[in-house]
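Undergrad: If you read the sequences in order, they're chains Z and C.
Taking our numbering, the leading residue of the first sequence gets 1, the next gets one more, and so forth.
Taking our numbering, the leading residue of the second sequence gets 1001, the next gets one more, and so forth.
Among the hints, a few may not be true.
Said to hold, decoys possible - Label-pair restraints from in silico Cβ distances: (1) Z/R411 to C/V1181: 50 to 58 Å; (2) C/R1159 to Z/D87: 50 to 58 Å; (3) Z/A111 to C/T1191: 36 to 44 Å; (4) Z/F329 to C/A1179: 54 to 62 Å; (5) Z/R397 to C/R1194: 46 to 54 Å; (6) Z/L369 to C/V1181: 51 to 59 Å; (7) C/Q1195 to Z/A111: 29 to 37 Å.
Unchecked claim - Stretch by stretch, here's where chain C covers chain Z in the computed footprint (C-beta under 8 Å, at least three residues): (8) 117-127; (9) 153-166; (10) 322-336.
What the hints assert, rightly or not - Straight-line alpha carbon distances no greater than 20 Å define the calculated EDC-like cross-link-like pairs of lysine to aspartate or glutamate that follow: (11) Z/K366 to C/E1210; (12) Z/K413 to Z/E378; (13) C/K1212 to Z/D307; (14) Z/K158 to C/E1237; (15) C/K1212 to Z/E22; (16) C/K1196 to Z/E378; (17) Z/K158 to Z/E191; (18) C/K1248 to C/D1258; (19) C/K1196 to Z/D26; (20) C/K1248 to Z/E378; (21) Z/K153 to C/D1236; (22) C/K1212 to Z/E378; (23) C/K1248 to Z/D26; (24) C/K1248 to Z/D87; (25) Z/K153 to C/E1244; (26) Z/K153 to C/E1237.
It should be emphasised that the hints constitute simulated quantities derived from the structure, not laboratory data.
The beta carbon of each residue, even a glycine, is placed where N, CA and C say it ideally should be.
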Amino acid sequence: MLKNLKISVVMLILAGSLANAELVIDVQGVAQQTPVAIVPFGWEGSAPAMPLDVAEVIVNDLRRSGRFAPISEDDMLQKPTSGANVDFDDWGLVGVEAVVVGSVVQTGDNAYTLQFQLFDVFGRRQLVGYRMPASRGTMRGAAHRAADMIYEKLTGIKGVFGTKVAYVTAQRQGQERLYSLIVSDQDGENEHTIMESTDPIMSPAWSPDSRQLAYVSFEGNRSSIFVQTLRTGNRFKVSSKPGINGAPAFSPDGRKLVVTLGGVDGNLDIYTLDITSRQVQRLTTHRAIDTEGTWSPDGRDIYFTSDRAGGPQVYRVSAIGGTPERITFEGSYNARPRLSPDGDRLAMVHNDRGNYRIAVMDLDRKDLLVVSNGRQDESPSFAPNSDILIYATRQARNGVLETVSADGLIRQKMASGSGDVREPVWSPFPRF
Amino acid sequence: MIRDAHNVIPLSMAVLLHVVLFGSMLVAFDLARTMPITPLAIHATLVTEIPQVVPPRVAEPEPEPTPVIEEPEPEPEPDNSEELRREAEDEKRRLDALVEKERLEKMRQKEEADRKLEEKEEAERKQREEEDKERKRVEAEQKRQDDIRRQREENERLRREIEATERVDEIAAEENRLAAVDSGALAVYMTQIRQKIERNWSAPASAGAELKCSVRVRQVPGGEVIGVTILTCNGDEAVQRSVEAAIKRSSPLPEPSDPNLFDRNILLNLSIRQ
Chain Z
1 MLKNLKISVV
11 MLILAGSLAN
21 AELVIDVQGV
31 AQQTPVAIVP
41 FGWEGSAPAM
51 PLDVAEVIVN
61 DLRRSGRFAP
71 ISEDDMLQKP
81 TSGANVDFDD
91 WGLVGVEAVV
101 VGSVVQTGDN
111 AYTLQFQLFD
121 VFGRRQLVGY
131 RMPASRGTMR
141 GAAHRAADMI
151 YEKLTGIKGV
161 FGTKVAYVTA
171 QRQGQERLYS
181 LIVSDQDGEN
191 EHTIMESTDP
201 IMSPAWSPDS
211 RQLAYVSFEG
221 NRSSIFVQTL
231 RTGNRFKVSS
241 KPGINGAPAF
251 SPDGRKLVVT
261 LGGVDGNLDI
271 YTLDITSRQV
281 QRLTTHRAID
291 TEGTWSPDGR
301 DIYFTSDRAG
311 GPQVYRVSAI
321 GGTPERITFE
331 GSYNARPRLS
341 PDGDRLAMVH
351 NDRGNYRIAV
361 MDLDRKDLLV
371 VSNGRQDESP
381 SFAPNSDILI
391 YATRQARNGV
401 LETVSADGLI
411 RQKMASGSGD
421 VREPVWSPFP
431 RF
Chain C
1001 MIRDAHNVIP
1011 LSMAVLLHVV
1021 LFGSMLVAFD
1031 LARTMPITPL
1041 AIHATLVTEI
1051 PQVVPPRVAE
1061 PEPEPTPVIE
1071 EPEPEPEPDN
1081 SEELRREAED
1091 EKRRLDALVE
1101 KERLEKMRQK
1111 EEADRKLEEK
1121 EEAERKQREE
1131 EDKERKRVEA
1141 EQKRQDDIRR
1151 QREENERLRR
1161 EIEATERVDE
1171 IAAEENRLAA
1181 VDSGALAVYM
1191 TQIRQKIERN
1201 WSAPASAGAE
1211 LKCSVRVRQV
1221 PGGEVIGVTI
1231 LTCNGDEAVQ
1241 RSVEAAIKRS
1251 SPLPEPSDPN
1261 LFDRNILLNL
1271 SIRQ
């Protein structure tokens, strides 16, 4: 009787377990580096080697993003240069999730075709593949664009390898300091000096089409705001009022700047400036310092720093004027606001227990996340994909650039510039 | 004074004798009727003695003795002793004949009774035989039915036994599985699978905090993954590719310490660690 009961209980359990005979396992993932293989590109041309090691550019881009672990060439079981020769089983054995193969073919004296294909090893299919014309001068840009497409396919986020960064350097030159406004690829390569001066250069800002930079120059011992076109080097002064002319930022439509003007009494307030007409509109009138204005991506609001409540905090005011509203409340010091291009987050310099660090605030949830770990970090700027920030930090006595993912998990130093590097700003996506 | 002179005594004696005789015959006859077997054997003994005593003419029927009694002599004669003796002899003969007749009648009746008895016995025997036959037939039928029932029961028992044997492994396996579950081996097994997939899952940047994916994984003994089906997933294409890659990279999945814990189907619920 007991035995029967036991058996029937077991049968019940058996029936129950057979009904949904399945192990249910909860898996919690973390952002982890995806193992990928970028096979050295094939080369067909007159020279013994291609003008640029395209695979190396892509490897470095992916590695620097912090989201990928490209395997070493030595670990590759095969080195195909076209998709037809890719053996998914081999790559599965190696343990990579994706393989990039490609080639560069010379088609003229300074004409090349760059071809690449990205394969999903476990899905056994091509994810993306392109052929791009290039010259020796544009080969690097083409390689970055290939990296962007690969990155986007594998992460679901637009790549920013093809974007640029502007920053200011200061170098000792004899008794003087030489200030330079520099634009480079986002990886620090391909540096171009836009402007040089023995007087300080400050606050570079990208136009929405990434063809112009606005900046403040103290040449002639007074502050002026210039807008300079990168391709031509032409520049024009847009503001040189008495007192301080500072902290320019473009409106999303590119027609206006938000600026800080001091006026004769030296009281800093936020103004909008029409670039064409040079007309200004005053947005703040407070006796306290109001500065470092920036536009919201939708163009409706201006975020700025004000110490009207004592310490510096971030405020928001309508771009057509109105009553400013305080945005930050956490801590005694929140300054230099910059919005993510998707409008969801606000980056700022935050006093974190005595250290000035970069913090990111979610505008919906209002929670603040400190993403840098220096002592005097400054000038945060979002990459156009809203996923990464660049900022300046102090190393020894010089400023250097660092990037960090917006979640604070992946931080990279950027080997760029020489001397004291400061005020980096990330370009928008280039418009081809 | 005694009226012997009128022959009262011999007459009454004769009457008494008749009465006794008839009475005994009646009693005997009655007995023969009610006790058909053993009293008749006593009468049979009687029959063998009678022919020596009874003369042949007894067969002639005699008139009833009563008229003799009802016709007394008008005048008793003093010297009628011879006549009386003759009369007594006649009377005796008459009585003997009567007895003989009765005896024969009895024999006849006995024979008849015997015959009837025999017939009855024969009938009874036949009936018994018939009954016997019928009983045997019924018994045989009953036995046949019993055999069928027994066979049926035996078959049922065998069937149950076979079923039980077939289930024994299943039950034993399930019992072992439950024991393994109790011992914590299942938790270890599930943790091993979870950790391997977590190690191999490179969640892409687009995988947000609200990510929820349910994935059915089919494996064969040894842990080789033979199927990955994404049931629901609010992640983008990159996330789904990463999930599939994570599972396939994890093939073969860890094997349980107890084979009973192996399960061909695994449901994975994936999310992002906060």
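Undergrad: If a hint holds in the structure, say so; if it doesn't, say that too.
TA: How the hints compare with the structure:
Under the hint 50 to 58 Å, the C-beta atoms of Z/R411 and C/V1181, about 44 Å apart, miss the expected range. The given range of 50 to 58 Å is respected by C/R1159 and Z/D87, whose C-beta atoms sit roughly 56 Å from each other. Our hint of 36 to 44 Å for Z/A111 and C/T1191 is violated, since their Cβ atoms are close to 58 Å apart. Between Z/F329 and C/A1179 the beta carbon distance is about 58 Å. The supplied range of 54 to 62 Å therefore holds.
Distance hint check for Z/R397 and C/R1194: the Cβ-Cβ separation is about 49 Å, which falls inside the suggested range of 46 to 54 Å. Checking the proposed 51 to 59 Å range against Z/L369 and C/V1181 shows it is violated: the Cβ atoms sit about 41 Å from each other. Separated by about 52 Å at the C-beta atoms, C/Q1195 and Z/A111 break the suggested range of 29 to 37 Å. With a cut-off of 8 Å between beta carbons, the segment 117-127 of chain Z has 5 residues touching chain C; three or more are needed, and the interface restraint holds.
Beta-carbon proximity to chain C at under 8 Å applies to 5 residues in the segment 153-166 of chain Z; the threshold of 3 is reached and the given coverage holds. Using a Cβ-Cβ cut-off of 8 Å, 0 residues of the segment 322-336 of chain Z lie near chain C, which falls short of the minimum of three, so the contact claim is violated. Of the pairs offered as hints, the one joining Z/K366 and C/E1210 holds, with about 18 Å between alpha carbons and a cut-off of 20 Å not exceeded. With a CA separation close to 14 Å, the supplied pair Z/K413 and Z/E378 stays within the 20 Å bound.
Between C/K1212 and Z/D307, the direct Cα distance comes to roughly 43 Å. Violation of the 20 Å bound is thereby established for this hinted pair. Of the supplied pair hints, the one linking Z/K158 and C/E1237 holds, its CA atoms being roughly 13 Å apart against a limit of 20 Å. Of the supplied pair hints, the one linking C/K1212 and Z/E22 holds, its CA atoms being roughly 19 Å apart against a limit of 20 Å. Taking the CA atoms of C/K1196 and Z/E378, the gap is about 41 Å. The hint is violated against a cut of 20 Å.
Distance hint between Z/K158 and Z/E191 is unfulfilled; the C-alpha atoms sit about 23 Å from each other, more than 20 Å. Note on C/K1248 and C/D1258: the hinted pairing is violated, with a Cα-Cα distance of about 23 Å set against a maximum of 20 Å. At most 20 Å may separate the alpha-carbon atoms for a hinted pair to count; C/K1196 and Z/D26 meet this at roughly 12 Å. For the suggested pair C/K1248 and Z/E378, the alpha carbons sit about 44 Å apart, so the restraint of at most 20 Å is broken.
Pair hint Z/K153 plus C/D1236 holds up; C-alpha atoms about 10 Å apart against a cutoff of 20 Å. Taking the CA atoms of C/K1212 and Z/E378, the gap is near 37 Å; set against the 20 Å cutoff, the hint is violated. For a cut-off of 20 Å, the pair hint linking C/K1248 to Z/D26 stands: about 17 Å separates their Cα positions. Between the alpha carbons of C/K1248 and Z/D87 the distance comes to roughly 16 Å, so the proposed pair stays at or under 20 Å and holds.
With a C-alpha separation of about 15 Å, the suggested pair Z/K153 and C/E1244 falls inside the 20 Å cut-off, and the hint holds. Using a Cα cut-off of 20 Å, the hinted pair Z/K153 and C/E1237 holds, with the two alpha carbons roughly 8 Å apart.
Consistency note: the structure conflicts with the earlier hints numbered 1, 3, 6, 7, 10, 13, 16, 17, 18, 20, 22.
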